[in-house]
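Visitor: Chains A and B supply the protein sequences, listed in that same order.
Taking the numbering used here, the leading residue of the first sequence gets 1, the next gets one more, and so forth.
Taking the numbering used here, the leading residue of the second sequence gets 321, the next gets one more, and so forth.
Everything labelled a hint here was simulated from the structure, so no lab data went into it.
All values derive from a computational prediction rather than experimental measurement.
Think about it this way: if two alpha-carbon atoms lie no more than 30 Å apart in a straight line, the pair counts; the simulated DSS-like pairs of lysine-lysine are: (1) Lys478(B) - Lys204(A); (2) Lys8(A) - Lys434(B); (3) Lys536(B) - Lys204(A).
Listed below are the residues making up each chain.
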Amino acid sequence: MRDASPAKTYALHIGVIALLFALNFVLPDYHQGLFARIMALAVFAMGYNLLFGYVGLLSLGHAMFFSAGLYGAGLTVYHLGWGVPEAFVAGVACGAVLALVIGLLALRTSGVAFMIVTMMFAQVFYLLILYFAVWTGGDQGLVIQQSSRVIAIGGASLDLTEPTVRYMSALALFSVVLLVTLAIVRSRFGRVLVAIRENEERTKMLGYDTVANKLAAVVASGAICAASGAAYALLFGYVGSSFAGVQYSILPLLWVLLGGAATTLGPLIGTLFMYYVTDITSGFTSAYLLIVGVALILLVLFAPKGIMGSIRERWLGWLS
Amino acid sequence: MMPLLTTKGLARNFGGLRAVDGVDFALMPGEIRAIIGPNGAGKTTFVSLLSGRIRPSSGMVVFDGADITTMPAYKRVRLGVAYTFQITSVFANLTAFDNVALPVQRTLTDGRTKGQVRTGVMAALERTGLADRAGTLAGQLSYGHQRLLEVAMGLALKPRLLILDEPTQGLADSEIDNFITLVREIARDATVLLIEHNMPVVMQLADRITVFNSGKILAEGTPEQIRANAEVQDAYLGATHG
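Let the hints inform the model, and build the full structure from the sequences given.
Guide: Pasting the structure below:
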């Protein structure tokens, strides 16, 4: 929002989408699969970034929104035999409703208390998944059969387990969410969110109901994260409690910090970077987490604003 | 004529301290009113009660005929009560443009103004002489310009009552002259209530002056009356501006 160069900004974002589209045809099979996963999870990171990067609310419980989408979609397919589109909508709706309830309760706090409250709610959610193992499959999780992951459109059908369909579905979701977040942060609403991050007291004195704005951001963030979870369940066919664990609350934070908080493309870059560092180093050593840790420390030391944040600061001031 | 703002028995305690102690106050539409008084007299607490930043311990605040005593600050802003901070609190990491865009889009959303955000922002920036700095980060503006930006944000809210808390603090003499012109201009379509320590500014600007001491109103009147008031001289003028 530093200056008005919407044309440049939109061109860059469309360019990134076009590049990802083209990659489908050149990537080897293994990397095509990895990229589909990265795009689906980058949506999770984008949802997290909306709240953490733009509003400045650090949640340690976003695994619950991701898994609300994951289970909302997965369980309706598994138990109720719903089709893919209905299940996806159910997943997003679960995330949005959960975010509304959690937001109403957690926004009574701020700072460290907000972190702890969101983390506690996420733990409750995790334990509920284990408790209702009869339906959720507990820590074993559930596998969603290939036959349930086919979208019938008229006479034709789209098989989400087919690599290119899966890749394109992930790309479609990624693109929509990328453009939606870009529109949000460039909107009047986005300007208010940033103002709340910078100085909430002052924002109130300009006539803004900051609690209502924060609540709207929590719901948008929760819905986006749930969309990622729902897509993950439907594209990769597995629903499991590990996705509700605390590490899945910390991962989006790391992805966003790496890529650059409060940048629209940062979440993708961060997710991509983390995935590949993990993927490459785990080929050499079982201590790959050590290398991931070192990479994180180096980034925090030398590029505290993340990859995209540093690029924006040094070279491209017009980046969103 | 009906007052724009009145308070009845307005009080606020902080622990055992009665920062504002039963104040009855009335402000007529269109006037420029200055509040003066020694440090710790309760001036900032009093205007904070008017703007809704803090809640009174007792008493009531009436704005334009409506009781707003329990109304949250952001709703008072929408009614037209704007407050600019004593300590400059512009959004340092946002551009001057975005700083002013926030109040402008607020009045557009409330339907109190019409048009484009950009037009409204540039109008407010031009009025305060900051138009050529629209793209500068507020934190990189000089202190005087940050104070002016603060006023531009207050202006952009289209206030009916603009409360300025020590607006000339830290301004150079040359900037103060421009500031006085600006406040006179603002007062053409808004009521202005300012807390001010700079006596020449007060004497030049104010239609009436209210003197606070120990949380109470000590005296009220025209600049001439206040200047001549012996009690005021003892409590305040004599002590700090001897």
